[in-house]
Amino acid sequence: MNSSEYWNPILETLPREKLRQLQFKKFKEIFTWAYEKSRFYHKLYSDAGMEPGDLKTYEDIRKVPKMEKAMMRTAQGEGKDPFPYGDILSVPLEKVTAYRQTSGTTGQPVYQADTWQDWEYSTEAYAYALYAQGYRASDRIFLPFGYNIFIAFWAYHYAGEKLGCEVIPGGVLNTEARILKMQELKATAMGATPTYVLGMAETARKMGIDPPKDLFIRKITVAGEPGGSIPATRKRMEDAWGAKVYDQVGSTEIGHWGWECRYQSGLHVNEAFYLVEIEDADTGEPIDEPGRRGKMVVTTFNRMAQPCIRFDVKDLIQWNSRQCDCGRTFRLLDGGIMGRADDITKVKGVLLSPTAIEEVVRDIPQLSNEYLVVVTKKGDIDNITLKVEILPEYKNDEAAIRTVLVDQLRVKTNLGYNIEFHEYESLPRSQSKSRRFQDQRPKQH
Amino acid sequence: MAENYDIKGMVEKIKALRKNAEELKKISGGIPAVESNADRILANVKMLEIDISDAAEILDE
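Each protein sequence line maps, in turn, to chains A and B.
Residue numbers for the first sequence follow the numbering used here, beginning at 1 and rising by one.
Residue numbers for the second sequence follow the numbering used here, beginning at 1 and rising by one.
Don't take every hint at face value.
Incomplete in silico selection of chain B near chain A, CB under 10 Å [said to hold, decoys possible]: (1) Ile7; (2) Glu12; (3) Ile14; (4) Glu35; (5) Ala43; (6) Met47; (7) Asp51; (8) Ile52; (9) Ala56; (10) Leu59; (11) Glu61.
Derived DSS-like pairs: lysine-lysine, alpha-carbon spacing no greater than 25 Å straight-line [what the hints assert, rightly or not]: (12) Lys19(B) to Lys162(A); (13) Lys46(B) to Lys18(A); (14) Lys95(A) to Lys15(B); (15) Lys25(A) to Lys15(B); (16) Lys348(A) to Lys395(A); (17) Lys18(A) to Lys80(A); (18) Lys25(A) to Lys13(B); (19) Lys15(B) to Lys162(A).
Pairwise CB distance ranges (calculated) [to be verified]: (20) Lys206(A) to Gly9(B): 50 to 60 Å; (21) Lys26(B) to Pro212(A): 34 to 44 Å; (22) Lys181(A) to Ala33(B): 14 to 24 Å.
These aren't lab readings, by the way, just hints derived from the structure by calculation.
Beta carbons are placed, not taken as given, at the ideal position from N, Cα and C, and that holds for glycine.
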């Protein structure tokens with residue numbers, strides 16, 4: 001064991017059986033807290049006939065009712081007191097020191113309350129990630145991102161400070177100004193969405209700046225989109241910047257539960273801070289073996305104002321069989337977040353994985369970084385249109401590229417697509433989370 | 001460096017930090033500057049408990 005690898009060698013190399021004991025102890029504590037302090041959780045568990053004394057073994061965790069985003073919305077709905085958090089809040093309102101909210105992609109946003117201690121917890125969890133990715137006090141971190149009511153990159157900033165790094169908030173600057181500031185200050189690391197990482201490199205090149213040669217960024221942490229765990233997208237980012245790119249996953253309600261270490265073997269779940277369960281999306285049967293995809297259910301152990309217990313996130317993940325060379329005992333996920341378990345991505349009766357489409361598109365060097373998937377319905381038939389941009393120098397190769405695209409998409413997704421080629425730079429660009437999947441089918445109720 | 005750590009020793013020091021910060025609050029007479037800064041210290045003490053003390057307890061079992 002090389003202890004300089006770890007933010008906390010005690011937790012990160014805890015033997016698996018001890019880690020399981022720790023998880024059970026922490027689960028009981030947060031369950032008891034929520035049962036006693038939150039009207040929402042008290043009712044959820046009482047209605048199911050459960051109370052803290054019923055948790056006798058690790059296996060009993062699976063008897064605890066799951067919670068979904070829609071339930072949080074109801075618990076907070078219609079101006080319920082204490083406003084705006086409603087029945088889910090587990091501390092007096094005056095203990096809340098930070099407000100954030102979900103983006104509302106799947107409906108009304110969820111309001112997230114944090115105490116100062118909760119925020120320390122989120123920051124601490126992120127510190128594990130940054131340290132594992134090789135961030136040290138000598139790093140000067142640039143954040144090309146405007147912080148706001150969403151959680152994105154707030155904890156990256158605070159964790160960077162916690163590690164002793166110098167953090168440069170590049171929020172209100174435009175992309176060109178950010179690149180110049182990065183160059184002027186010789187920033188060594190940055191955090192952004194994969195879309196923006198690729199877009200920034202494109203902008204830099206137009207300014208006559210070649211990021212690997214003219215900038216000093218050698219580590220990039222990406223979040224907010226699945227690109228960091230998609231090999232073809234990661235390669236594009238690493239080539240464009242001459243930097244190592246590491247994926248990091250989290251959400252407003254949960255916190256920062258998974259990250260890659262510098263060995264890039266897959267996402268480590270921080271199992272000392274979070275319990276990640278995988279279950280069969282149809283039967284609910286627990287999945288412990290590697291290589292079998294299922295639905296993620298997550299518990300955050302020490303976030304107290306608004307506990308997150310057995311949250312059915314509806315993201316699809318699978319365990320990796322590998323043991324990472326870093327020596328951590330935290331389990332690895334294979335391929336990051338692989339899609340959604342709800343109907344949002346069911347097309348022609350097949351579960352469509354947007355990450356698989358991205359992998360195909362980004363693996364074809366004649367195409368730009370941008371693409372758009374539009375799903376429509378004519379009668380009873382779903383149609384998928386994939387819009388891509390061909391790079392100007394390959395305009396004459398359209399037919400050959402179309403053949404490769406259609407074949408690869410069929411292999412990777414089992415679906416057929418209408419392919420549309422668009423002029424380079426004509427598809428919409430985003431500075432934050434991209435919405436490259438547009439489902440325009442009428443909603444069914 | 002880290003191989004030389006003394007878990008039991010750290011747990012004792014963390015307990016002392018908590019005790020001191022709580023006592024500081026108690027004798028502050030409600031001075032906001034003391035109470036608020038003590039609360040922030042206690043939030044960090046909690047992180048030390050999560051990082052070290054909770055694991056130590058499991059390792060002892």
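Exercise. Hey, Lys19(B) versus Lys162(A), does the alpha-carbon distance stay inside 25 Å?
Worked result: holds, 24 Å
Problem set entry | Lys26(B) paired with Pro212(A), Cβ distance criterion 34 to 44 Å | For Lys26(B) and Pro212(A) the Cβ distance comes to about 57 Å; the hint is violated.
For this session: With a cut-off of 25 Å on the C-alpha distance, tell me whether Lys46(B) and Lys18(A) pass.
Result: holds, 20 Å
Problem set entry | Residue hint Asp51(B), partner chain A, criterion CB-CB below 10 Å | The hint holds - Asp51(B) has a Cβ within 10 Å of chain A, the shortest such distance being about 5 Å.
Exercise. Does Glu35(B) meet its interface restraint, that is, does its C-beta lie within less than 10 Å of any C-beta in chain A?
Worked result: Given a least distance of 12 Å, the restraint on Glu35(B) is violated.
For this session: Take the C-beta atom of Lys181(A) and the C-beta atom of Ala33(B), compute their distance, and say whether it sits inside 14 to 24 Å.
Result: violated, 36 Å
Exercise. Is the Cα-Cα distance between Lys25(A) and Lys15(B) 25 Å or less?
Worked result: holds, 20 Å
For this session: Would you check whether Ala43(B) satisfies its interface hint, that is, whether its CB is within less than 10 Å of any CB in chain A?
Result: Ala43(B) check passes; min Cβ-Cβ to chain A is 4 Å, inside 10 Å.
Exercise. Does the interface hint hold: is Leu59(B) within less than 10 Å of chain A, judged Cβ to Cβ?
Worked result: Holds. Min distance 6 Å.
Exercise. Hint check: is the beta carbon of Ile52(B) less than 10 Å from a beta carbon of chain A?
Worked result: Cβ of Ile52(B) sits 6 Å from chain A, so the hint holds.
Problem set entry | Supplied contact hint for Glu12(B), tested at 10 Å Cβ to chain A | Since the shortest Cβ distance to chain A is 15 Å, the answer is violated.
Exercise. Quick one: are Lys206(A) and Gly9(B) within 50 to 60 Å, going by C-beta?
Worked result: Since the Cβ atoms of Lys206(A) and Gly9(B) sit about 57 Å apart, the hinted range of 50 to 60 Å holds.
Consistency with the previously given hints fails for numbers 2, 3, 4, 16, 17, 21 and 22, ordered from lowest to highest.
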